[in-house]
Every structure is written in C-alpha cells, then in structure tokens.
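2 protein chains.
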Amino acid sequence: MTLTVFGDSTSGNCLKVKWVLDRLEVDYRWTEIDVRSGLTRRPEFLAVNPSGQVPAVVFGDGRTLSQSNAIMTFYGEGTPLVPEDRYERARMFEWLFWEQYSHEPYIAVRRYQLGYLKKSPDELDPKLFERGSAALARMEQGLDGRDWLAGGALSLADIALVAYTRMAGDGGFDLGLYPRVCAWVERVERALGLDASTRCLVPA
Amino acid sequence: MTLTVFGDSTSGNCLKVKWVLDRLEVDYRWTEIDVRSGLTRRPEFLAVNPSGQVPAVVFGDGRTLSQSNAIMTFYGEGTPLVPEDRYERARMFEWLFWEQYSHEPYIAVRRYQLGYLKKSPDELDPKLFERGSAALARMEQGLDGRDWLAGGALSLADIALVAYTRMAGDGGFDLGLYPRVCAWVERVERALGLDASTRCLVPA
Numbered sequence: 000m001t002l003t004v005f006g007d008s009t010s011g012n013c014l015k016v017k018w019v020l021d022r023l024e025v026d027y028r029w030t031e032i033d034v035r036s037g038l039t040r041r042p043e044f045l046a047v048n049p050s051g052q053v054p055a056v057v058f059g060d061g062r063t064l065s066q067s068n069a070i071m072t073f074y075g076e077g078t079p080l081v082p083e084d085r086y087e088r089a090r091m092f093e094w095l096f097w098e099q100y101s102h103e104p105y106i107a108v109r110r111y112q113l114g115y116l117k118k119s120p121d122e123l124d125p126k127l128f129e130r131g132s133a134a135l136a137r138m139e140q141g142l143d144g145r146d147w148l149a150g151g152a153l154s155l156a157d158i159a160l161v162a163y164t165r166m167a168g169d170g171g172f173d174l175g176l177y178p179r180v181c182a183w184v185e186r187v188e189r190a191l192g193l194d195a196s197t198r199c200l201v202p203a
Numbered sequence: 000m001t002l003t004v005f006g007d008s009t010s011g012n013c014l015k016v017k018w019v020l021d022r023l024e025v026d027y028r029w030t031e032i033d034v035r036s037g038l039t040r041r042p043e044f045l046a047v048n049p050s051g052q053v054p055a056v057v058f059g060d061g062r063t064l065s066q067s068n069a070i071m072t073f074y075g076e077g078t079p080l081v082p083e084d085r086y087e088r089a090r091m092f093e094w095l096f097w098e099q100y101s102h103e104p105y106i107a108v109r110r111y112q113l114g115y116l117k118k119s120p121d122e123l124d125p126k127l128f129e130r131g132s133a134a135l136a137r138m139e140q141g142l143d144g145r146d147w148l149a150g151g152a153l154s155l156a157d158i159a160l161v162a163y164t165r166m167a168g169d170g171g172f173d174l175g176l177y178p179r180v181c182a183w184v185e186r187v188e189r190a191l192g193l194d195a196s197t198r199c200l201v202p203a
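So the protein lines, in turn, are chains A and B.
For the first sequence, the positions run 0 to 203 when numbering that gives the first Met the number 0 is used.
For the second sequence, the positions run 0 to 203 when numbering that gives the first Met the number 0 is used.
Incorrect hints may appear among the rest.
Pairs involving identical chains hold if they fit within one copy or between any two copies, as the list cannot separate such chains.
Straight-line distance between alpha carbons at most 20 Å, and here's what the computed SDA-like set of lysine to any residue pairs gives [claimed, not checked]:
{"hint": "1", "residue 1": "K17", "residue 2": "Y86"}
{"hint": "2", "residue 1": "K126", "residue 2": "P104"}
{"hint": "3", "residue 1": "K126", "residue 2": "Q112"}
{"hint": "4", "residue 1": "K126", "residue 2": "S50"}
{"hint": "5", "residue 1": "K126", "residue 2": "G51"}
{"hint": "6", "residue 1": "K126", "residue 2": "Y111"}
{"hint": "7", "residue 1": "K126", "residue 2": "V108"}
{"hint": "8", "residue 1": "K118", "residue 2": "V108"}
{"hint": "9", "residue 1": "K126", "residue 2": "R35"}
{"hint": "10", "residue 1": "K17", "residue 2": "L193"}
{"hint": "11", "residue 1": "K117", "residue 2": "G61"}
{"hint": "12", "residue 1": "K126", "residue 2": "Q52"}
{"hint": "13", "residue 1": "K126", "residue 2": "L116"}
{"hint": "14", "residue 1": "K126", "residue 2": "S101"}
{"hint": "15", "residue 1": "K126", "residue 2": "G37"}
By construction, these hints were calculated from the structure, which means they are not laboratory data.
As the structure is a computational prediction, the values presented were derived from the model and not from experiment.
With the rest of the complex left out, here is chain A (with noise of 0.2 Å):
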C-alpha cells in the first residue's frame, strides 16, 4: 500500500506536501478534496484529520498524520531539505512556525476571501491587509543578504513561505514592492521546477 495524500489542489498549504514528496521522489496517491465542498466535515474524512484540514495523509499502515510543516518535515528529516547545522535547522523551524502563525492567516486568508468569497476589498478586515503586509516586509528583511531562508540551500522553510507569496497578488498583495521576496519566489521556483509566477516582475 503506498501513501495517500488528501489534497486541494488550489491551498498553498496542499501544494507544499506536494512539492516536497516530489522533490524527495516519494511514491504517493493524491486524493483531490475541495474544502469548500463540506467533504472535510464528513466522518469519513475527520477519520483520517479529526481537525478536518487538508493536507492530511494516510500511510501505507493506515496511520495519520496532518498539518502541512509537520508532514514536510516527516519527509524531509535527514535529506538536503533540512540544514545540518542545529542553529540553522532552528532557524528553519523559526520560519516554519512563524509562517502558520503571522503568514498564512493573514496573506492566504485575504487570498481566499477575495479569490473564493468573492468579497470585496471593503469588506475585509483591514487587519488582513496591515500584517499581510508586515509579513511580506519580514521576509523581505531576512532575505537579506542571503538566498534562502534558512541554512545555505533551499530548505522546508522556503518551499513553506513559497507557497501563498507567490499567490500574495491574488490577496491584493504587491509583491514589487519587495524586490528580495520577488527574486526569492523566482529562486524558489526554479528550484522546485515550478512555472514562474508572473505576479512577481522584478526590474532588470
């Protein structure tokens, strides 16, 4: 039996799995769930998250596990993906948990409200906006001086802060406005062969 990846297809946190169990060559079934369909709320589904969120994966053994970072990081100990050096492991993990915290509720979720929603920008919570914002200037402050967020190489902290920056124009988001998150995401994605956003034009 091999693994089984429940998946939506247009979540960052969905496609980060993804990347990552590509990368490393993992042989794996993707099971496509829409999480606006209601299916991550049905029993069937809560038996393998009982948060009910994708991404979630069954083993092979029938075990579980969910939460986007900690299924990367199950993959991901002990290859190229995760720095060597403690410190800089450390500094992935710094990354990883400030992403599902002080990222992703703020850039993702203006994403899904005006994508998905359909709502306007005036009807969001201005706060979506403000540390939307603040996260994109964080980043663009640990970027400097360095080409990866984490360690000396494309590590889990970058394929996890990729995945809704590159998408941050679909949250209203202008990335130009950060010239080092805007080469990043184009680093990031040549490194995971991934089509090149073309919300991120960065000047010659």
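Fit chain B to the known structure of chain A by using the hints.
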C-alpha cells in the same frame, strides 16, 4: 556568555520555553519584557527579533532565535522530550503546528482580551469561543486512550499545549467539560513540577 531569554511571565508562549529550559537544566538569564509596555516595538528589541514577538533568545555568541516552539525544538532535540520514533516525532510536530494555528489564536487571545484588555464577553468575536471550544474538543479526542499527546511520555507537544490550556478558564472556557484534558493538565503540571491550576477539578 550565557543564554538570554526575553519573555513575559504572563505569556504561555514564554512560559513553555522556561519550562523546557528548567527541565533540561539549561543555564539562562531571564529578561522580563511586558508585551503591553511597547518595548517589543523598540529598536533594541527588534534587533533581537524583527517580528517584535516574545519569547526570543540570544545565545552566548550573539545569535538569535525566536518562535516558542522553535526554541523548544532547538533544546529538545536529542532529549527525552522529543520522541525517538520517527512517526511519534511527527505527531509531536503535528500538535506543535496545530497549537499555533488552531489553539493559541483562540484560547490565548480570548484570555488576553478578557483578562488584560478588560473587554466584556459581549464585545468579543464569537469565533474565539467557538474555535477555542473546538480546539479543546480536539484535544479531548486526541487524549482518548493515551496519557501524553505524542509518544509514550511527556514531550514538547504536552508542554506547548498545556501552557494556554491550563489558563483556558481565564478565557471563559470550562475545562470541566473536557475530563481527559483536565486529567492531562494535572499530569503535565505534576511532571513539570508546576503548582496545580485550580481551574481543573475532575470528579473522582
């Protein structure tokens, strides 16, 4: 030079770092910083953590680290506080990420708004109570048939989750509705040598 921890003693995020350091007998100097004083927005502190959040630590060599769960992971790695088994370690991380995304933003925030900002329950976003209650219910289920959240002993997951769960009463949550959570709070408090929180009275 020893480790310096910048923390607010009323913050569960800061206390969890303290508990881990104490348990592992790490030598440190605690610098109290009241999050309501505005000090975390001053340049001196932003040089330590550009995100302006406590806890944050400065190592003897001047390097810095923030995010409570990342600091705990840095010190916990290779100790009995992190399960040796790969899957159980992943479950520990699942709880750590879940804590920052689905527990702290509701239970800690409701406690803060009631206890520190002195808001009345009527002024609060109803989502705080709904999602905080859902988080406690999720823990109640996660503790079914087990004494600890991940692995067979106290781990970083228990320490991270107990921090604000034991204070949930201050946020208007009735822990008596979650008997397994109650018994677990007492278990973790005993393991950490903390005073028993009086919020949690489990019928014999």
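To see whether the hints hold, each was checked on the structure:
no.: 1; hint: K17 / Y86; verdict: between (27 Å within a copy, 19 Å between copies)
no.: 2; hint: K126 / P104; verdict: both (10 Å within a copy, 14 Å between copies)
no.: 3; hint: K126 / Q112; verdict: both (13 Å within a copy, 17 Å between copies)
no.: 4; hint: K126 / S50; verdict: between (26 Å within a copy, 16 Å between copies)
no.: 5; hint: K126 / G51; verdict: between (26 Å within a copy, 17 Å between copies)
no.: 6; hint: K126 / Y111; verdict: both (15 Å within a copy, 18 Å between copies)
no.: 7; hint: K126 / V108; verdict: both (11 Å within a copy, 15 Å between copies)
no.: 8; hint: K118 / V108; verdict: within (12 Å within a copy, 26 Å between copies)
no.: 9; hint: K126 / R35; verdict: between (24 Å within a copy, 19 Å between copies)
no.: 10; hint: K17 / L193; verdict: within (12 Å within a copy, 42 Å between copies)
no.: 11; hint: K117 / G61; verdict: neither (38 Å within a copy, 47 Å between copies)
no.: 12; hint: K126 / Q52; verdict: between (24 Å within a copy, 17 Å between copies)
no.: 13; hint: K126 / L116; verdict: both (18 Å within a copy, 18 Å between copies)
no.: 14; hint: K126 / S101; verdict: both (12 Å within a copy, 18 Å between copies)
no.: 15; hint: K126 / G37; verdict: between (27 Å within a copy, 19 Å between copies)
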